[in-house]
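Asker: Residues per chain are reported as follows:
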Amino acid sequence: MAGYILKRLLSAIPVLLGITVIVFAIMALIPGDPATAILGSFATPENVEKLNRDLGLDKPLVAQYFIWLGNMLQGDFGQSFALNRPVIDELLERFGATLILAGTAFVLCSLFGVMAGVVSAARQYGFADKAITFVVLLGISIPSFFLGMMMILTFAVSLRWFPVSGMWPIYGARDLGALISHLTMPALALAVVATGVIARLSRSAMLEVLRQDFIRTARAKGVPERRVIWRHALRAAMVSIIPVLGIQAGFVLSGAVYVEIVFQWPGVGRMLVDAILKRDILLVQGGVVFVAACYVMFNIAVDVAQSLLDPRIKT
Amino acid sequence: MRTFLSLLARNRLALWGGVVLSVVVLLALITPLLPLAEPDVTDTANRFKPPFSEGALLGTDHLGRDLLSRLLWGTRLSLAVGFAAALIAATVGATIGIIAGFYGGRTDNVIMRGVDMLMAFPYILLALAIVAALGPGLLNALIAVAAVNVPFFARNIRGVTVSIAHKEFVDAARLAGMSNARIILFEILPNVLPVIVIAMSTTIGWMILETAGLSFLGLGSQPPQADLGSMLGEARAALITNPHTSIVPGAMILVIVMCINLLGDGVRDALDPRLKSGALSRPMPATAVDRAEVPAAQGDGLLAVQQLQTQFHVKDRVYRAVGGVDLTVEPGQCLGIIGESGSGKSVTALSIMGLVASPPGVITGGAVRFKGEDLIGAPYETLRSLRGDRVAYIFQDPLSTLHPLYTLGDQLIEAVQSHHRVARAEARRRAIELLTSVRIPNAESRVDSYPHELSGGMRQRVGIAMALANDPEVIIADEPTTALDVTVQAQILSLLDDLRRERGLAIIFITHDFGVVAQLCDRVAVMYAGRIVEEGPTKAILTAPAHPYTARLMACVPELGQGRRRLEAITGLPPVVDKLPAGCAFAERCIKTRDACRGGEIALAQSGARAVRCIDPDVALAETVA
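Line order of the protein sequences matches chains S and D. Each residue of the first sequence is one higher than the one before, starting from 1 at the first, in our numbering. Each residue of the second sequence is one higher than the one before, starting from 1001 at the first, in our numbering.
Honestly, I wouldn't trust all of these hints.
What the hints assert, rightly or not - Residues from chain D shown here face chain S by an in silico Cβ test under 7 Å; the list is partial:
no., residue
1, 1045
2, 1099
3, 1102
4, 1105
5, 1109
6, 1124
7, 1209
8, 1217
9, 1389
10, 1399
11, 1402
12, 1403
What the hints assert, rightly or not - Beyond 10 Å from chain S on every Cβ pair, some chain D residues (computed):
no., residue
13, 1022
14, 1028
15, 1088
16, 1121
17, 1177
18, 1193
19, 1316
20, 1326
21, 1330
22, 1397
23, 1515
24, 1554
Keep in mind that the hints were calculated from the coordinates and are not lab data. For every residue, glycine included, the Cβ atom is placed at its ideal position computed from N, Cα and C.
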């Protein structure tokens, strides 16, 4: 097992390098002079030249890439112009909030999505199946930002169940209760789309498995139907559901940006949008690489989980 | 009928989606011709007018602009951008995918590595990075959304192309001297087009959502021009005071995307033949029963099948897989059921405990009496408590019939615990005991193996062990030795025979192999086209078959030590059981056929211990009885 994990970690290295190359290449596409973009059109030529030298922009592209990569490997993601602080500090501060939001949403969508899919498949063409199919369709069709706004109107403004926005109360204790009441709506809004996608896939994976011979064997043994569905069928279906959970984790992690804007959640997504609008290039670069790297690591965890679940995978 | 109706309902949903979407698209197309207020003219005196006010059907926004007009113009923009993005992503992605799949080798390797790299990014993050580089703007948002969807198309289309690129018609085109470009355009492209269409119809909704999302963030369309996303983004500041300005564009996005998804599902169902006609329906816990009358109980056999009829209802066709079968089996007895594939022998066996997949299977008549109690239509709990406890099954091909992800021990323990309240440690001891009893070496350690770690013969023994878990009275063995080589087959058969003698088991043994029948069975029933054509003591039938079909079936088996006998295949194929001929079903293939054979129903004529369904049996039964 340890060997397998090590193998997967090693295989992540080219992927991570590829990510840095892609991000660097995209940023190199920026039209015009970044220094002018940063300093504004009233900058003096001396200032522009100095900044270019500070940024290493006077060197060839390949050299720029390796300098950038080398610095990143030492934990130096550069300095944010708009915020005037190291990118890595800002990232680490923001990433915790995103992780809480996306992590909760991911747990919710995995749980509800798989459950809805299983019930739907077990009751195929029955009332529960039709009801779930309809709700799921609604879920995958509604933009999370619109859903979030409607939730604010209903549950925060009209019913006053939850605070309108933010992660912590402005006055008062920053305890778990306060966090949960602030977290509930954004996490749900973020989870809905992924729940729908997972439910759809779980349903078809379950239908596929329920037709297999080993399900007939379980029934021939006299295993109670509930156990046939939730143990035998679900366990086998998880083999094709888990990779989709991995993909959906990416959607939840990056889709958090909309929810963070709507609910004023102090996460990486909101930071990135601000950085893009202010053309704070190093912050964008660092943020994208950082989040993508986290996602790659998460997918390794998914692979490991998969190998634990399926003894046929050679570890 | 019910499946048919719900399928229709699904198509009706797709239809509704199509209708509503067409209306929206039509409105978007004729927007410039409609008598609407200018969408971008501000009138701050009239800001935030509520819906249904004078001169503004949906009210006005924070700058006093007419919402209806902005909604229609915005819809027009959103649809155009979403569709354009889908088209670009499909074209670029399909091109990449076809090239990678068609040329293969290093080209494929390099391209797919790049695609994998792009897919390592969380979706929206990549779009943000691209917009960050190109700068905010609707065209840039379109490029970003299209770009992040390219890998999805490339990967899908590559997969399909690879499966096509080595088909015969492509090889033929190559041999005919067609250039690669021509082959791709005229041979490959037409075949991958449906896949491209399916992929587009399932992703275009996403693309509209994503572009709306980028606009919502202020990275897409820039004021005063507005698509639905940026309308929503601008309205957010006034969400609490004037919610209608948010609800109007948001609801429109929801309606559009939902209609597209409905329609997309319809398109996928229509183009993907595997999903047609409800082929992907799961079997229910017990076979459906729809029988008019119950035959009266006769005799007191341990297990008696009476006039059993099982059909498969597929669309409007009815396949009569089992057309009135009678069988009985007593303790310690082994009954063989023999016949070609498709003769209904497995379906008969599965019907006994309601294990025929349903849909499409339906038991339409007859009874199955276990110790006098009718099991057809019995409550699920009654069936479940008998399954595996009193009546156990052994199936063919244990690689697919054992659960691949549970250890042998877990599966055996479960078999015990489904019927007996015993502690896990106790059940595990029993599992090891069972494995030992079917002569699996090192049962102590084997109990923790997974099915894929065992050989075929060993797996079959596990299947037998599982059937024995609760000391059943009847074992139904459905071709348990067909997938095994001859020596293993002989071992398994002698194992079953020992068990029968030691435990007084009743065995119903299904096979297409007369050799196996001769070795194991006291009595044998020969099935053809869903009915029994001959039945009797094994020895009597083997020495003097009465039905011409039995004789021909036996002639197909070469016998050792019998010199050079000609192997005679039976000409023709068994009839399809949805259109059975009147009279003898074997008449088409029989050498003795005469008009009377096709005249009408031929009864199973009983004479002593034997019975035959033929008007001109090869031997008169009365002679052989003595």
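Asker: If a hint holds in the structure, say so; if it doesn't, say that too.
Answerer: Hint-by-hint comparison with the structure:
1. The beta carbon of residue 1045/D is not positioned within 7 Å of any beta carbon in chain S (closest approach about 27 Å), and the interface hint is therefore violated.
2. For residue 1099/D, the suggested interface contact is broken, since its CB lies about 20 Å from the closest CB of chain S, more than 7 Å.
3. Taking 7 Å as the C-beta contact cut-off toward chain S, the hint placing residue 1102/D at the interface is violated, the least distance being around 24 Å.
4. Taken as an interface hint, residue 1105/D does not check out: its beta carbon lies about 20 Å from the nearest beta carbon of chain S, beyond 7 Å.
5. Hint on residue 1109/D is violated. Least Cβ distance to chain S is approximately 13 Å, over the 7 Å limit.
6. Because the smallest distance between the Cβ of residue 1124/D and any Cβ of chain S comes to about 4 Å, under 7 Å, the interface hint for this residue holds.
7. Taking 7 Å as the C-beta contact cut-off toward chain S, the hint placing residue 1209/D at the interface holds, the least distance being around 5 Å.
8. The closest approach between the C-beta of residue 1217/D and any C-beta of chain S is roughly 5 Å, which is under the 7 Å cut-off, so the hint is satisfied.
9. Annotation: residue 1389/D was flagged as interfacial toward chain S, and the flag holds, the nearest CB pair being 6 Å apart, inside 7 Å.
10. A distance limit of 7 Å between C-beta atoms decides the matter here; for residue 1399/D the minimum to chain S is near 9 Å, and the interface restraint is violated.
11. Below 7 Å, beta-carbon pairs count as interface contacts, and residue 1402/D has one with chain S at about 6 Å; its hint therefore holds.
12. Given the 7 Å rule on beta carbons, the hint for residue 1403/D holds: about 5 Å separates it from the nearest Cβ of chain S.
13. Every Cβ of chain S is farther than 10 Å from the Cβ of residue 1022/D; the closest lies at roughly 17 Å, confirming the non-interface assignment.
14. Its beta-carbon lying about 18 Å from the closest one in chain S, residue 1028/D satisfies the requirement of being farther than 10 Å from that chain.
15. No beta-carbon of chain S is positioned within 10 Å of the beta-carbon of residue 1088/D; the least distance is around 17 Å.
16. The Cβ of residue 1121/D does not lie farther than 10 Å from every Cβ of chain S; its closest approach is about 5 Å, which violates its non-interface assignment.
17. For residue 1177/D, the non-interface assignment is confirmed: its Cβ lies about 40 Å from the closest Cβ of chain S, beyond the 10 Å cut-off.
18. Under the 10 Å C-beta cut-off, the non-interface status given to residue 1193/D relative to chain S holds; the minimum distance is some 23 Å.
19. Non-interface call for residue 1316/D relative to chain S: holds, since the shortest CB-CB distance, roughly 18 Å, exceeds 10 Å.
20. No Cβ of chain S approaches the Cβ of residue 1326/D within 10 Å, the least distance being about 23 Å, so the stated non-interface status holds.
21. With a least beta-carbon separation of about 22 Å from chain S, residue 1330/D lies farther than 10 Å from that chain, consistent with its non-interface assignment.
22. Listed as a non-interface residue, residue 1397/D fails to keep its Cβ farther than 10 Å from every Cβ of chain S; the least gap is roughly 7 Å.
23. Once the 10 Å rule is applied to beta carbons, residue 1515/D is consistent with being away from chain S; the minimum gap is 25 Å.
24. At the 10 Å boundary, the C-beta of residue 1554/D stays outside the reach of chain S, the nearest C-beta of that chain being 30 Å off.
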